[in-house]
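Chemist: If you want the building blocks of each chain, they are given just below.
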Amino acid sequence: MKMYQMGANARNVNKSGDILRQLDREYALRPELAQTIDLHRELIVARATTEVPPIEDTLTREEAERLLNEGLCLLRRGRVELAGEEFARLCVHVCDITARHRPDLGDQFKAIRDLLVVPSQSKDLATQYLSWNRIDLPLAEGLDQELLAFVLNNALHPFLEKYAEAMEPLIDKERWYLAKCPVCGGQPDFSYLTQESGARYLLCSRCDTEWPYKRSECPFCGNTDSKTWGYYPSEDGSYRLYVCDQCGHYLKTLDLRQRTPDRSLAVERILSVAMDLTAREKGYR
Amino acid sequence: MKDLSRRDFLKLTGLATGSVLLPGRVVLRQPIQPFPLRKRVGEAYSICPYCSVGCGLIVATDEAGHITNVEGDPDHPHNRGALDPKSISVRQLSTSPLRLSKVLYRAPGSSAWEEKRWDWAMGEIAKRIQKTRNETFARTFKVADKDVAVNRTEGIAWLGGAANNNEDCYLGSKFARALGMVYVEHQARI
Chain P
1 MKMYQMGANA RNVNKSGDIL RQLDREYALR PELAQTIDLH RELIVARATT EVPPIEDTLT
61 REEAERLLNE GLCLLRRGRV ELAGEEFARL CVHVCDITAR HRPDLGDQFK AIRDLLVVPS
121 QSKDLATQYL SWNRIDLPLA EGLDQELLAF VLNNALHPFL EKYAEAMEPL IDKERWYLAK
181 CPVCGGQPDF SYLTQESGAR YLLCSRCDTE WPYKRSECPF CGNTDSKTWG YYPSEDGSYR
241 LYVCDQCGHY LKTLDLRQRT PDRSLAVERI LSVAMDLTAR EKGYR
Chain Z
1 MKDLSRRDFL KLTGLATGSV LLPGRVVLRQ PIQPFPLRKR VGEAYSICPY CSVGCGLIVA
61 TDEAGHITNV EGDPDHPHNR GALDPKSISV RQLSTSPLRL SKVLYRAPGS SAWEEKRWDW
121 AMGEIAKRIQ KTRNETFART FKVADKDVAV NRTEGIAWLG GAANNNEDCY LGSKFARALG
181 MVYVEHQARI
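Protein chains in written order, with our numbering: chain P, 1 to 285; chain Z, 1 to 190.
This is chain P alone, in the form it adopts within the complex:
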């Protein structure tokens, strides 16, 4: 049994501080994103100020290697300690923040809040979500899965990020090359092409782990047909909206060969919502 002491969330607060400063800078430059930045700014603060307990049980290098060789993520089967009450508190806080910023979705967030307010229940639901990427329980019937995932991703983030920091040294990412996060098994929601060689790295939608993946292959279905897997470039060439006509997924991508990296990926993910909107309107998901 190993103990990793991460005193007072210091690392997370520093990292979040950088993200908030970058968002503040963009707030003045991108007035059309003001409402989006306002909302996510509050969410980031809520996440950064959550007390995450020390990780008491993690893996040996041999255990990690065995799991990764079998294509299994390190946090399989929900072996995440969620500190019941703190996790439920953050779930409720995320719902309250979002309902305040988006009263048009108030009813839905209230329903999600009622589901997650009980610590034991929120913990069980989060465990199922981590394993299956959705919640198919009668309790969650009628709830929008995307909004439910949004709340859980935000509430899980500080906990998963702590595990990711502890476990990343155990991962030889060059030997992973699978389409799911090696730490938590999450799907990617952003990617970038490296400055040095244009290699693709995926960003986990849950814990922000980055890992390499094949450059010209859809990470959601493995499609390599250039007629059905391709991208639309932005005007300045720094962004690419990859779309797959085989599985209907899209992937926002930042080409760091075209632009000096001056913002963190967490910020790019928020600032690029125009790509999400356009992709969704075209029927991609």
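Simulated from the structure, these hints should not be mistaken for laboratory data.
Don't take each hint at face value.
Taking lysine-lysine and the BS3-like style, the derived pairs with C-alpha atoms no more than 27 Å apart in a straight line are [unchecked claim]:
id : chain 1 : residue 1 : chain 2 : residue 2
1  : P       : Lys214    : P       : Lys173
2  : Z       : Lys174    : P       : Lys214
3  : P       : Lys282    : Z       : Lys39
4  : Z       : Lys102    : Z       : Lys116
5  : Z       : Lys142    : Z       : Lys102
6  : Z       : Lys174    : Z       : Lys127
7  : Z       : Lys142    : Z       : Lys131
8  : P       : Lys214    : Z       : Lys39
9  : Z       : Lys39     : P       : Lys227
10 : P       : Lys180    : P       : Lys123
11 : P       : Lys214    : P       : Lys227
12 : P       : Lys15     : P       : Lys173
Computed from a predicted structure; not experimentally measured.
Fit chain Z to the known structure of chain P by using the hints.
Modeler: Relative to chain P, chain Z alone:
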């Protein structure tokens, strides 16, 4: 077109992705400009044909299938994204205006190129191989006053290159030796 309720409109565009809540267009103070969907680019894997290293390529094509860019494949174990000057310019195999698209023939002693048909060219090549082989074929060779059977032709040589794969080279070398050629070489040995 049926009028959409606000909820239906939001449903169409999707509400959230990962940890990001998508803005609802109808409630924004200032509209978000859509991401341009012009000039879709497809990317396909290929291999450089020039030398035996076989560097990995990513070939970008536009919607009409024309090559717009070639770069090294960063995942390929041979080159990890690096390319030399020949492979960087490999797109000109497809796009160069100097690329021949017709059979051109210059008769012996002539200074002019004539356009010919493929079937004429193939037949002519076969005739000339047979003629040269027959004129230069040696059944025996004298070694220390003895006639040793050689059954060879020294009038034709065969040269393979990096653009030939294993199967091309196998068939080529079998064909060459069946005709009695002994000068059989390959660019990779040089």
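Chemist: Look at each hint and say if it fits the structure.
Modeler: Going through the hints against the structure:
no.: 1; hint: P/Lys214 with P/Lys173; verdict: holds (12 Å)
no.: 2; hint: Z/Lys174 with P/Lys214; verdict: violated (39 Å)
no.: 3; hint: P/Lys282 with Z/Lys39; verdict: holds (15 Å)
no.: 4; hint: Z/Lys102 with Z/Lys116; verdict: holds (7 Å)
no.: 5; hint: Z/Lys142 with Z/Lys102; verdict: violated (46 Å)
no.: 6; hint: Z/Lys174 with Z/Lys127; verdict: holds (19 Å)
no.: 7; hint: Z/Lys142 with Z/Lys131; verdict: holds (24 Å)
no.: 8; hint: P/Lys214 with Z/Lys39; verdict: holds (23 Å)
no.: 9; hint: Z/Lys39 with P/Lys227; verdict: holds (13 Å)
no.: 10; hint: P/Lys180 with P/Lys123; verdict: holds (22 Å)
no.: 11; hint: P/Lys214 with P/Lys227; verdict: holds (17 Å)
no.: 12; hint: P/Lys15 with P/Lys173; verdict: holds (22 Å)
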